[in-house]
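A.B. asks: Chain residues, written in single-letter form:
Protein chains: 4
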Amino acid sequence: MSDKIRIGVIGYGYWGPNIVRNFSSIDSAKVIRVAVSGESALNRVRKDYPQIEATSDLNDILCAKDLDAVAIVTPVSTHFELAKKALMNGKHVFVEKPFTRSIAQAEELIELAEKKHLKIMVDHTFIFTSTVRKIKQLIDEDVLGAIYYYDSIRVNLGLFQNDVNVIWDLAPHDFSIMDFLIKERPVAVQASGKAHVNGKENIAFVTAHFSSNVIGHFNVNWLSPVKVRLTMLGGEKKMLVWNDAVADEKLRVYDKGINGNHHEGTDDHELRVSYRSGDMWAPKIKHTEALQLEADYFASCILGDKTPVNDGHAGLRIIKMLEACDQSLKNQGGLVYL
Amino acid sequence: MSDKIRIGVIGYGYWGPNIVRNFSSIDSAKVIRVAVSGESALNRVRKDYPQIEATSDLNDILCAKDLDAVAIVTPVSTHFELAKKALMNGKHVFVEKPFTRSIAQAEELIELAEKKHLKIMVDHTFIFTSTVRKIKQLIDEDVLGAIYYYDSIRVNLGLFQNDVNVIWDLAPHDFSIMDFLIKERPVAVQASGKAHVNGKENIAFVTAHFSSNVIGHFNVNWLSPVKVRLTMLGGEKKMLVWNDAVADEKLRVYDKGINGNHHEGTDDHELRVSYRSGDMWAPKIKHTEALQLEADYFASCILGDKTPVNDGHAGLRIIKMLEACDQSLKNQGGLVYL
Amino acid sequence: MSDKIRIGVIGYGYWGPNIVRNFSSIDSAKVIRVAVSGESALNRVRKDYPQIEATSDLNDILCAKDLDAVAIVTPVSTHFELAKKALMNGKHVFVEKPFTRSIAQAEELIELAEKKHLKIMVDHTFIFTSTVRKIKQLIDEDVLGAIYYYDSIRVNLGLFQNDVNVIWDLAPHDFSIMDFLIKERPVAVQASGKAHVNGKENIAFVTAHFSSNVIGHFNVNWLSPVKVRLTMLGGEKKMLVWNDAVADEKLRVYDKGINGNHHEGTDDHELRVSYRSGDMWAPKIKHTEALQLEADYFASCILGDKTPVNDGHAGLRIIKMLEACDQSLKNQGGLVYL
Amino acid sequence: MSDKIRIGVIGYGYWGPNIVRNFSSIDSAKVIRVAVSGESALNRVRKDYPQIEATSDLNDILCAKDLDAVAIVTPVSTHFELAKKALMNGKHVFVEKPFTRSIAQAEELIELAEKKHLKIMVDHTFIFTSTVRKIKQLIDEDVLGAIYYYDSIRVNLGLFQNDVNVIWDLAPHDFSIMDFLIKERPVAVQASGKAHVNGKENIAFVTAHFSSNVIGHFNVNWLSPVKVRLTMLGGEKKMLVWNDAVADEKLRVYDKGINGNHHEGTDDHELRVSYRSGDMWAPKIKHTEALQLEADYFASCILGDKTPVNDGHAGLRIIKMLEACDQSLKNQGGLVYL
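As they're listed, the protein sequences go chains X, V, W and G. Using my numbering, you'd call the opening residue of the first sequence number 128 and step up by one each time. Using my numbering, you'd call the opening residue of the second sequence number 128 and step up by one each time. Using my numbering, you'd call the opening residue of the third sequence number 128 and step up by one each time. Using my numbering, you'd call the opening residue of the fourth sequence number 128 and step up by one each time.
It is worth saying that the hints were derived from the structure and are not from the lab. Do not take every clue at face value.
The list treats identical chains as one, so a pair stands whether inside a single copy or across any two.
As the list claims (entries may be wrong) - Cross-link-like lysine-lysine pairs, in silico, DSBU-like; alpha carbons within 35 Å at most: (1) Lys411 - Lys263; (2) Lys411 - Lys261; (3) Lys174 - Lys411; (4) Lys433 - Lys157; (5) Lys457 - Lys364; (6) Lys413 - Lys354; (7) Lys131 - Lys174; (8) Lys174 - Lys261; (9) Lys261 - Lys413; (10) Lys377 - Lys364.
All chains should be built: construct the whole structure from the sequences, respecting the hints.
C.D. replies: This is the structure:
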């Protein structure tokens, strides 16, 4: 293997150009070839990157001798076949979220990769953002105290997906962030939703249950008039609000909560809980491109033979929750144990 | 009966002063007496309203000869006994939300009032706000088209309630607004939540299912570091966002949605749905005090012998949904039919 | 003198009810009488405060034997005559900002009060807010470092004043806050503006020059479609933004600035100044009503024979700057030395 | 001349990459060569655009036979010499704002271009944005009515310029937008400011006077803790707020103002002006890249021999106002007639 990981990219739609740009921008990797279908897509690749080969034949990527790894940036329904063939041909795999369309597919890929001593990395981009890293640090350093809830709203207008519902499209972000931040794993999930346009749910509400005090909730919607990216994380000691839709001060930490000792009121109907409402603090967050960090991490995991934090097993954990959501949707929102 | 409804008020805690102030400010009613317990509460009433009697004896209100109506502004667990005695003594009843602690109590009060030809009004203040009235108008005039979803976030720090959980405290607002705006009634509800502080849930997520395309969802939380009052209402033709936490332009109507005809993409994984993204419009909302309007409406319903829109039956509909939520909470978030 | 300062209030228009309410709410004072003209205004007083006398005869206030102090809440053009008569009759004076219509008037009142050993307090309410107090503390503790600029935007729709332009109406707030916060006094001011509606300027821009590094600037406007209350204070060490139009986190302190050492770029045209961009911090600000604090302070200054920080001399300093602004407006915005 | 304008670009600092990218993205032009100084800058060009020549010799651009036009993206102090040589060598000139360092330079370049039948376009990018175009339309269609004021705040932290003060850096945006939107020309300007860091003013306030009812004002600052891009435009019929720092709904049109008929109050000190406060409306603004539109317009002006709206004369008008600002700064903010 050369000192640079040689990468072939499959797909150049909405996210593909970001993958190509970031793998091109780092020293540890080099994009050799991009496979897309259709003349206009081919021309788009050629115009953007004259130095990169454009091909419409997937085998130019999947069976190529001159590639170390393959980045799969296609609809989720195609992930399994493409990743399997890439692994079979000895290539490391970087694959878009969600990892696969089913638990069985994910397990098969993991097993195959382990047998072939190859890496799988699932593109859970958010866990490479400076904001999520800062939240992780605040949790690890016990600034927030015991976690009470993870509550996220991720809504906007479009983009409707072809092959999956809004949960499979948007909730993998929240599932993977929650999986990264909170050590404990959910024991059950529930999901309710509605499909207004085609057969797939375009609005959905997911609840994740833990055996401890934690509760998780995601509100995902493709038919919102405004874009909202708001996550609230309540802790025993402090609480935080992460607004990812603003340019600055995305993360705000509140010295707010309730004090342990409280006494009941007499005449009034509110419980006389003693609240603590102190300063708010927005830690400086470095402006880094998460995907660049992740691309570099992928290369370094291959070069250094390390297991990525967002490996196939991480991808599988998210798929398990997504499958459970689908089952809950069919089951009138009933609880589905993981 | 005099030309002014003579009112006695029970309770002068968080909300009571607003009730006294608004019933005092209108020409159609007059607050004669306020009952509270405790010397400091009595003094507070006397200082604020030297011209109003303050008493610590509930019977000075419930059995008084010189009162036409009683406003009950006490914890929900006391509503039934107080309202029953007031009705028994021939008084009309204005009662805080939620109406009662159970369906059975609500039904008994409704029956009693009907027998005695007395009015019950449940204080669903929000349906008297200019904003909700404007939304109602937009729906009635079919500006929004068929409703897709009613999605509300109502979170803040405190006030913890003594006798009920966060659903019984905050969700009555959303249930009553949704009940007022959307003609169709929910067929089932689900609720999940967690109790972090005392035995009562302080964070909860409620989903309301309809037999049509509509879905409702409320996010209520007493442990949020920030106050959020955000309702999104998606319609086939237009969508709106109501931010009640800002001073101006609370209501925004978006000419956004999806067009009927759409075709599938080829290479990309998003469905090629054609979106419509047009102007945003914030209709002028008059600054009125909802509670004053409601107080005047209560008096006029009594004087004109009219049935209030927020009568006992409206209160009962909300109690039914609250009881169903409690049942769902106990039942691991399972669907509870109404 | 009794243990409570007995106060008569003249005027019950926009601000008067706040004056009456706050002087009524404190233990150290008591509002005995309010003078207004017109039957409807008299009735408004009687309805709001049955226990307070309402009169249409100014002499019931100015010449009353049973009053210790007079609060003058009338248009600025009447301040001098009313305050003079009150002082002549041995009453302490609390007067709305701006103090008087001219320097000469202010000086005469100060002299008269000193001769009669009476207090004058000019209602510079903002210096009693928790936010301004917190800023003062940050400056006094050298958190901000040397002040670079005080830049304020105070714009909204209305209320047009009868007798003064927008500078005399809105800029006294900024002049008095700046006077309170920054030890150094301006040496000159400039003002430009335009009168679109009647003869008085409804939009104006004021610059305050200091002999040091400080520069002050106020943007005041009665014809703005939105209400903006935004003050930026730049210091050598830290900078702050005070947004008074929001409910929470009004004050934000930024660990931002430039570092001393910098070197020039080569090809690029920006100076390679090294910036420091750190955390943002919103200190908890107590919710207090400034006017109540000020009312209590007025009473305590009388009872304890102390000179208020916002005495006649403070009022005069602001009048000097307002007169200089008027002169600058007439003089095409030219610099007017103080 | 070929069907594509062949362009050489001088400078590849902060703005240069945007110029190269946009002239590369259009069909009517082609970037042949970029001149920069320094090996690292040369390598940056080569990495970003392998197909474009990179040179450190300015004459490879200025004297090249294979170029139709030159884009000058260097510090303002170099504009004159570079533009002059380009014009002398028969090349059309696209030059960054501000056009030149002095009126005399601008006039010489205009004369030279006219003699040689060449185009000059000054990069007033903002007048090509969809937002400014929409405002222009609202003014031209008399939606706003007679303009009362143009009030802009353009502040942020950095970037300090090497060769000019903050007015020359930031105010050209406002001067050129105002020049584009408002038919009438200012008759005089004033400027005040302060230099806290090096000898150049880093904070400044500019007032533009018109012979009519219009007044213009710009607040520019390199030392603000937050980025603000806020322009308010008051008209007799409607008023608008343009917030360029947000992602959506940048432009808001308010049906607000004052009605002609008003009467004076009696007791109160506010003038009883009757206000009109109606709906707010945010027209849909297309997402277009202004610089791409401008690049294409430059090419079409050359190919079609048209005079650009942002030609040398437009550039000169802005330079005249900038020179007047400098004169006013030296003259204690005194009025400088244009």
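A.B. asks: Each hint: holds or not?
C.D. replies: Right, here's what the structure says about each hint:
For the homomeric pair Lys411 and Lys263, the shortest alpha-carbon distances inside one copy (15 Å) and between copies (25 Å) are both at most 35 Å. In this assembly of identical chains, Lys411 and Lys261 lie within 35 Å of each other by CA distance both inside one copy and across copies; the values are 9 Å within and 23 Å between. Taking CA atoms no more than 35 Å apart as the test, Lys174 paired with Lys411 passes between copies only; the shortest distance there is 31 Å, against 38 Å inside one copy. Taking the closest pair of Cα atoms, Lys433 and Lys157 come within 35 Å of each other only inside a single copy of the chain (20 Å); across copies the shortest separation is 45 Å, beyond that limit.
For the identical chains of this complex, Lys457 and Lys364 are inter-copy neighbours only, at 28 Å across copies versus 38 Å inside a copy, given an alpha-carbon limit of 35 Å. Proximity of Lys413 to Lys354 under the C-alpha cut-off of 35 Å is found in both arrangements, the shortest distances being 23 Å within a copy and 17 Å between copies. For the identical chains of this complex, Lys131 and Lys174 are neighbours both inside a copy (24 Å) and across copies (16 Å), given an alpha-carbon limit of 35 Å. For the homomeric pair Lys174 and Lys261, the shortest alpha-carbon distance between copies (32 Å) is at most 35 Å, but the shortest distance inside one copy (38 Å) is not.
Both within a single protomer and between protomers do Lys261 and Lys413 lie at most 35 Å apart by alpha-carbon distance, with minima of 10 Å and 29 Å respectively. Taking the shortest alpha-carbon separations for Lys377 and Lys364, both the intra-copy value of 20 Å and the inter-copy value of 23 Å come in at or below 35 Å.
When each numbered hint is compared with the structure, no violation occurs for any of them.
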